[in-house]
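Each chain, written out:
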Amino acid sequence: MKQRWEIGVAIFGTLLLVWSHYTGLFVAPPEAMMGDVGRILYAHVPTAWVGLLTYLVAFVAAIGALATGKAAWDAMVEATVEVGLLLNVLLLIQGSLWAKPTWGVYWTWDPRLTTCAIMVVAFGVVLAIRRQIDEPMRRLTLSSVATIIAFVNVPIVYMSVKWWKTLHQPYSSPETVDSAMVTPLRVAAFGMLFLSTGFVVRRWRIARTALERDFDAPDLPAESAPLAVEDSP
Amino acid sequence: MTGMIQGGWEFVWLVYGITWGGLIGYGIRLAREDAGL
Numbered sequence: 001m002k003q004r005w006e007i008g009v010a011i012f013g014t015l016l017l018v019w020s021h022y023t024g025l026f027v028a029p030p031e032a033m034m035g036d037v038g039r040i041l042y043a044h045v046p047t048a049w050v051g052l053l054t055y056l057v058a059f060v061a062a063i064g065a066l067a068t069g070k071a072a073w074d075a076m077v078e079a080t081v082e083v084g085l086l087l088n089v090l091l092l093i094q095g096s097l098w099a100k101p102t103w104g105v106y107w108t109w110d111p112r113l114t115t116c117a118i119m120v121v122a123f124g125v126v127l128a129i130r131r132q133i134d135e136p137m138r139r140l141t142l143s144s145v146a147t148i149i150a151f152v153n154v155p156i157v158y159m160s161v162k163w164w165k166t167l168h169q170p171y172s173s174p175e176t177v178d179s180a181m182v183t184p185l186r187v188a189a190f191g192m193l194f195l196s197t198g199f200v201v202r203r204w205r206i207a208r209t210a211l212e213r214d215f216d217a218p219d220l221p222a223e224s225a226p227l228a229v230e231d232s233p
Numbered sequence: 001m002t003g004m005i006q007g008g009w010e011f012v013w014l015v016y017g018i019t020w021g022g023l024i025g026y027g028i029r030l031a032r033e034d035a036g037l
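Chains as they are written, first to last, in the working numbering: chain A, 1 to 233; chain B, 1 to 37.
These are calculated hints, taken from the structure and not from any lab test.
Where is the CB? At the ideal position from N, CA and C, for every residue including glycine.
Incorrect hints may appear among the rest.
[Claimed, not checked] Stretch by stretch, here's where chain A covers chain B in the computed footprint (C-beta under 8 Å, at least three residues):
id, segment
1, 5-17
2, 23-33
[Stated by the list, open to error] Among chain A residues calculated to face chain B with C-beta under 10 Å, some are:
id, residue
3, L90
4, W98
5, V161
Just chain A, with the same shape it has in the complex (with noise of 0.2 Å):
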């Protein structure tokens, strides 16, 4: 039977991200300097942390990948990297969105943005790299060393606001949000983290099904196949 548990956990996600939407959207004040345009936060800053987070389990996967040469962590990290792609991609389009009424322009190279671009680049070539090679257990190490290497980035990119000098407004703490912000901010962050969980559960389901098929298909060259067939009686 089919487990689905992690379908429940993704619509109890998307409840509370509808809750806390429609109070960051309709309910809550605006923010003292950006008035309404604040709004943005309740949507991008669940996206950013939950983003980074996703990472970070990428980052753990590849290593249980290496270690034990086993489909499942090998599927972890594909779901895990693709679910944390999606958010990124939209964390980008969110403060781009964000910049413009706000600093004036969709985009600079400021050290926080920078850095997120960098990224994405970098667990798009993760992607990449599973997409173009057939060979699991060369697969599963090129990808796995290569999430290794893009995950460098990311504390850099949490830590770049106190490092550099920039645009992007330092880390926010319930002592420097209002209180009528902070509980939608939460729950859109739980809700965030509970349909990613979803999201990530459900492909690393779909992916290790492929991959076990993978890893346990004969290792033989392609050619050889024919000759069998031609040979027998």
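Once you've looked at the hints, dock chain B against the given chain A.
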């Protein structure tokens, strides 16, 4: 409140539209993949 940015709802709607579009689109893609389509 002096200096607060006025308006800008079009950017807010674009962000939420694209975010939900991306999440729902990915969910549909996963469901189709799961169904073998």
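Evaluated hints:
| no. | hint | in the structure |
| --- | --- | --- |
| 1 | 5-17 | holds (count 10) |
| 2 | 23-33 | holds (count 5) |
| 3 | L90 | holds (5 Å) |
| 4 | W98 | holds (7 Å) |
| 5 | V161 | violated (20 Å) |
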